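**Q** Using the sequences and the hints, build the whole thing.
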Amino acid sequence: MDKYSPKDIEARWQGIWAEKKAFEVPDPDDPASADPSRKSYVLEMLPYPSGSLHMGHVKNYTMGDVIARFRSRNGLSVFHPMGYDAFGLPAENAAIKTGLKPAELTRRNTENIEKQLRALGVSIDWTRELATCDPEYYRWTQYFFLRFYERGLAYRRQAAVNWCPSCQTVLANEQVVQGACERCSSEVENRSLAQWFFRITAYAERLLEDFRLLDQWPERVITMQRNWIGRSEGAEVLFRVDELELDIPVFTTRPDTLFGATFFLLAPEHELVEQLIEGTDEAAAVREYVAQARAKPATDRAAVDREKTGEFTGRYAVNPVNGERIPIYVSDYVLMEYGTGAIMAVPAHDQRDFEFARRFGIEVRVVVSGEREDGTVVRAGDGDTMAEAFEAEGTMVNSGEFDGRDNREAGAAITASLEAKGLGKADVSYRLRDWLVSRQRYWGAPIPIIYCDKCGTVPVPEERLPVLLPEVDDYAPRGQSPIASNEEFVNTDCPHCGGPARRETDTMDTFVDSSWYFLRYTDPHNDEQAFDSAVANYWMPVDQYIGGVEHAILHLMYARFFTKVLYDLGMVDFQEPFTNLFTQGMIHYRGAKMSKSKGNVVNPDEHVERYGADTLRLYILFMGPPELDVEWQDQGIEGGFRFLGRVWRLVNEVVEKTEPREYIEYANGGGKPLELLRKTHQTIDRVTVDVGERFRFNTAISAIMELVNDVYLAKDELFQSTEGRGVLRFVAETTVKMLDPFAPHISSELWERLGHEWLWREPWPEADEEYLEEETYELVVQVNGKLRDRIKVPADADKQALLEAARASGKAARHTEGKQLVKEIVVPGKLVNLVVK
RNA sequence: GCCGAAGUGGCGGAACUGGCAGACGCGCCGGACUCAAAAUCCGGUGGGGCUCACCCCCCGUGUGGGUUCGAUUCCCACCUUCGGCACCA
Numbered sequence: 001m002d003k004y005s006p007k008d009i010e011a012r013w014q015g016i017w018a019e020k021k022a023f024e025v026p027d028p029d030d031p032a033s034a035d036p037s038r039k040s041y042v043l044e045m046l047p048y049p050s051g052s053l054h055m056g057h058v059k060n061y062t063m064g065d066v067i068a069r070f071r072s073r074n075g076l077s078v079f080h081p082m083g084y085d086a087f088g089l090p091a092e093n094a095a096i097k098t099g100l101k102p103a104e105l106t107r108r109n110t111e112n113i114e115k116q117l118r119a120l121g122v123s124i125d126w127t128r129e130l131a132t133c134d135p136e137y138y139r140w141t142q143y144f145f146l147r148f149y150e151r152g153l154a155y156r157r158q159a160a161v162n163w164c165p166s167c168q169t170v171l172a173n174e175q176v177v178q179g180a181c182e183r184c185s186s187e188v189e190n191r192s193l194a195q196w197f198f199r200i201t202a203y204a205e206r207l208l209e210d211f212r213l214l215d216q217w218p219e220r221v222i223t224m225q226r227n228w229i230g231r232s233e234g235a236e237v238l239f240r241v242d243e244l245e246l247d248i249p250v251f252t253t254r255p256d257t258l259f260g261a262t263f264f265l266l267a268p269e270h271e272l273v274e275q276l277i278e279g280t281d282e283a284a285a286v287r288e289y290v291a292q293a294r295a296k297p298a299t300d301r302a303a304v305d306r307e308k309t310g311e312f313t314g315r316y317a318v319n320p321v322n323g324e325r326i327p328i329y330v331s332d333y334v335l336m337e338y339g340t341g342a343i344m345a346v347p348a349h350d351q352r353d354f355e356f357a358r359r360f361g362i363e364v365r366v367v368v369s370g371e372r373e374d375g376t377v378v379r380a381g382d383g384d385t386m387a388e389a390f391e392a393e394g395t396m397v398n399s400g401e402f403d404g405r406d407n408r409e410a411g412a413a414i415t416a417s418l419e420a421k422g423l424g425k426a427d428v429s430y431r432l433r434d435w436l437v438s439r440q441r442y443w444g445a446p447i448p449i450i451y452c453d454k455c456g457t458v459p460v461p462e463e464r465l466p467v468l469l470p471e472v473d474d475y476a477p478r479g480q481s482p483i484a485s486n487e488e489f490v491n492t493d494c495p496h497c498g499g500p501a502r503r504e505t506d507t508m509d510t511f512v513d514s515s516w517y518f519l520r521y522t523d524p525h526n527d528e529q530a531f532d533s534a535v536a537n538y539w540m541p542v543d544q545y546i547g548g549v550e551h552a553i554l555h556l557m558y559a560r561f562f563t564k565v566l567y568d569l570g571m572v573d574f575q576e577p578f579t580n581l582f583t584q585g586m587i588h589y590r591g592a593k594m595s596k597s598k599g600n601v602v603n604p605d606e607h608v609e610r611y612g613a614d615t616l617r618l619y620i621l622f623m624g625p626p627e628l629d630v631e632w633q634d635q636g637i638e639g640g641f642r643f644l645g646r647v648w649r650l651v652n653e654v655v656e657k658t659e660p661r662e663y664i665e666y667a668n669g670g671g672k673p674l675e676l677l678r679k680t681h682q683t684i685d686r687v688t689v690d691v692g693e694r695f696r697f698n699t700a701i702s703a704i705m706e707l708v709n710d711v712y713l714a715k716d717e718l719f720q721s722t723e724g725r726g727v728l729r730f731v732a733e734t735t736v737k738m739l740d741p742f743a744p745h746i747s748s749e750l751w752e753r754l755g756h757e758w759l760w761r762e763p764w765p766e767a768d769e770e771y772l773e774e775e776t777y778e779l780v781v782q783v784n785g786k787l788r789d790r791i792k793v794p795a796d797a798d799k800q801a802l803l804e805a806a807r808a809s810g811k812a813a814r815h816t817e818g819k820q821l822v823k824e825i826v827v828p829g830k831l832v833n834l835v836v837k
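Our numbering puts the last residue of the first sequence at 837; the count rises by one with no breaks.
What the hints contain is simulated information worked out from the structure, not anything from laboratory work. Keep in mind that a hint or two might mislead.
As the list claims (entries may be wrong) - PhoX-like cross-link-like pairs, simulated, lysine-lysine; straight-line CA separation at most 25 Å:
#, residue 1, residue 2
1, Lys672, Lys737
2, Lys823, Lys799
3, Lys115, Lys21
4, Lys21, Lys737
5, Lys811, Lys786
6, Lys792, Lys823
7, Lys830, Lys679
8, Lys101, Lys596
9, Lys21, Lys7
10, Lys20, Lys7
Stated by the list, open to error - Taking CB as the label site, the calculated pair distances span:
#, residue 1, residue 2, range
11, Arg212, Ala103, 41 to 47 Å
12, Glu182, Glu638, 35 to 41 Å
13, Glu638, Gln720, 29 to 35 Å
14, Gln633, Arg212, 39 to 45 Å
15, Cys455, Arg38, 50 to 56 Å
16, Gly179, Gly829, 56 to 62 Å
17, Glu488, Asp573, 39 to 45 Å
18, Pro625, Ser721, 36 to 42 Å
19, Asn603, Gln158, 45 to 51 Å
20, Ser33, Asp798, 51 to 57 Å
21, Gly179, Arg649, 56 to 62 Å
22, Gly599, Gln158, 39 to 45 Å
Bear in mind the structure is a predicted one, so any value in this text is a computation, not a measurement. Built from N, CA and C at the ideal position, the CB exists for glycine as well.
**A** Below, the structure is given as structure tokens:
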């Protein structure tokens, strides 16, 4: 017998798969009439092509491959494509460092990654491969930008934005983590710049509503998105500044506390600040305060425990419910980006307002009376003495005609009465901001917009797409994209009037590229349109999407948004792109998340080289449940290799000692052959459920290991009889079939040695019900819930028989002797519990 | 502070709907094979106790309570770790 030598085997089978086009899926001739239940779109999040794949990628693509191969063997038409999220900062930064062009560097990297994926034996339809930096791809990214623009979903405005001083570009809100750039961790600055946005807030409600279509998504991802969108119900209320005849709207979630508003606040950035203070004695101080607030880094401003600061404007606003004049302050704890940038402050019922009021000596007026969590009661006159705001529910006080009512229903009533007077209305506010998509960097899709002095902002006509990213000599960022210095690119003709005009030089956020790539896969070579709707509608939505949790908000929310817009454009007939989502856990090593920056990465290539791809694939899934973080163990992979060696020797021995014709499935004689046959069918059942329904690859693999262990113990005896050899042949073939999704190379090789041809066309084994049931089982006998004995009983024994058997147990009797039998619990198939006193 | 997930042998982890805790693997110990080693094959391996004859007993799934004939699993409180959000009115 030859030794298990993964190197030769793996290369050989990868060659055969490519040559036989084993994983290429043709589009159905008429997608409209094809049966969509027969297809399965299995997709892993596309990789960013940095130098090479890391272990997280290996886990991701192996999981996807197991599912793809399993489904394909179960008769589904599996769609399993791959591509590269190829635009982005790292390539550009590397270009600056090395002097290589980003395009060239990216090309090299994608080639390397494709090589690695092929070396892992992932079953991909490579004819659909794409890279988002390819003009044939980003042409359509630009096309979508224009369609968004037409619908008013892409717009440009001056706004306070997040600026990363190190990356020299603006960032979307989603890309700022705790006040720092998610990419380089530099502290983000606040700048006011004219930028391009996608109006994702217009879809906030639908993004929330359609969670009902995502019942197969992990709860935590939905929760994270729901929190991110942050829907709050409340009211918009108008406060009037009499002297200036100005109405300032505020948003509040607590219209019930309106009678307790004792002051009014504006964000420092609020556009009316200047108008309010003009000519007042306070003007200079307010201007000074505003300037200071603007200069403060975003992180400082967001610090929760900071003391409240502010400046009186010298003006008063009129509370619409009681006509009271309350002082207007400017304070930096009011955010311009949320609500209306102005708030009514109710110190008795909002902790932040409370802190401000105490600091500035403003009246605290209780308008909701109720009980605190610690049992103390807050009453109408407690304003001067209370130590903190009362934010819970209660009964209305100090609120005129609303006194005595439940605060929740009073809130609705107050809103209604304001609405009748035209001074307010019920309203909903979201935490979600519009998606800032322009970037001041080079390596991205140029925004297809032209500025003309005469015609203003003019979209590039569709037929002139793509707007090609020009080559430049110097990629160093200077606060605007390097392409701005390319005169040839910038200067152009206005598509409208033909006069001289200038191109937009910002490029698009790479998350725009990855918001629709799954659609392009369905029709990747179409040069007339982004994709053919009928074809896309056939393959989409993605039946199983797999990726890391780190994209729970960013990519997954953007892709959902994009899909909804495309639905509204009539381009697709589904509202959600990913029916099922699986978020994999991270790989830890030496107590920390495996990452380059921590210097604790384990290189997959080395392990492929040393043990083969099959071993790496097997081990990475065997490590633990796929959705949880798991710990990489250097010696663990050795166990995977040993197991495959065991399978190798076993199957080869079966090939040597049995004939293919000896294959029989039925062991009539009972004894060891029957036992092993049973175990085999039970294993098929477990593996099928674990892989197909539960995604518990670790337990599926351990079930196969158990089977192999049993065969080792029984084989010497079984080789002696015809029946035994027949069963061994069956077990060997079944084991190989079940191992295939995890370790496809060795499985294909062994399948061939067993005298067959292409394993990837073989149907998945089916468990025979007849063999799942045992004739006898071990009945557990408990006394007072404690295990005392196990006895063999016939599978069909009834309750009475079980009870008698249990009573007859000598071991149990020792514990019941001399005691009174109080109760007997019988669970057929499991146990008998004798309760004594 | 709020929301979510997780705490099980020396280690990674099993236990599907409340029913034999520790499957499977790693490591370790012992045996077989060998001149020897490696590889391989077989056996053992939670802790403690015992008239350790492998028979048996007690304890044991982060901590403390509870429900139940019976709890790793359900409920309550707390501790620890990780992830998300964090002045969002």
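**Q** Hint by hint, say whether it matches the structure.
**A** Hint check:
For a cut-off of 25 Å, the pair hint linking lysine 672 to lysine 737 stands: about 22 Å separates their Cα positions. A distance of roughly 14 Å separates the Cα atoms of lysine 823 and lysine 799; the hinted pair therefore holds under the 25 Å criterion. A C-alpha spacing of about 17 Å is found between lysine 115 and lysine 21, which places the hinted pair at or below 25 Å, so the restraint holds. Note on lysine 21 and lysine 737: the hinted pairing holds, with a Cα-Cα distance of about 20 Å set against a maximum of 25 Å.
Between the alpha carbons of lysine 811 and lysine 786 the distance comes to roughly 12 Å, so the proposed pair stays at or under 25 Å and holds. Among the hinted pairs, lysine 792 with lysine 823 is consistent with the structure: their alpha-carbon atoms are about 22 Å apart, no more than 25 Å. Pair hint lysine 830 plus lysine 679 holds up; C-alpha atoms about 19 Å apart against a cutoff of 25 Å. Between lysine 101 and lysine 596, the direct Cα distance comes to roughly 23 Å. Compliance with the 25 Å bound is thereby established for this hinted pair.
Taking the CA atoms of lysine 21 and lysine 7, the gap is near 21 Å; set against the 25 Å cutoff, the hint holds. Between the alpha carbons of lysine 20 and lysine 7 the distance comes to roughly 20 Å, so the proposed pair stays at or under 25 Å and holds. The hinted range of 41 to 47 Å is satisfied by arginine 212 and alanine 103, whose Cβ atoms lie roughly 43 Å apart. Taking 35 to 41 Å as the suggested C-beta distance range, the pair glutamate 182 and glutamate 638 conforms, at roughly 37 Å.
In this structure the hint that glutamate 638 and glutamine 720 lie 29 to 35 Å apart at CB holds, the actual value being about 33 Å. Between glutamine 633 and arginine 212 the CB atoms are about 41 Å apart, so this pair conforms to the stated range of 39 to 45 Å. Look at cysteine 455 against arginine 38: about 52 Å separates their beta carbons, and that is inside 50 to 56 Å. The hinted window of 56 to 62 Å between glycine 179 and glycine 829 holds, with their beta carbons roughly 58 Å apart.
At about 43 Å, the beta-carbon gap between glutamate 488 and aspartate 573 stays in the expected band of 39 to 45 Å. A hinted range of 36 to 42 Å for the beta carbons of proline 625 and serine 721 is consistent with their spacing of about 41 Å. One distance hint, 45 to 51 Å for the beta-carbon pair asparagine 603 and glutamine 158, holds here, with the actual separation near 47 Å. Checked against the given bound of 51 to 57 Å, the beta carbons of serine 33 and aspartate 798, roughly 54 Å apart, stay inside it.
Our hint of 56 to 62 Å for glycine 179 and arginine 649 holds, since their Cβ atoms are close to 58 Å apart. Checked against the hint of 39 to 45 Å, the pair glycine 599 and glutamine 158 passes, with Cβ atoms roughly 43 Å apart.
Hint check: no violations occur; every hint is consistent with the structure.
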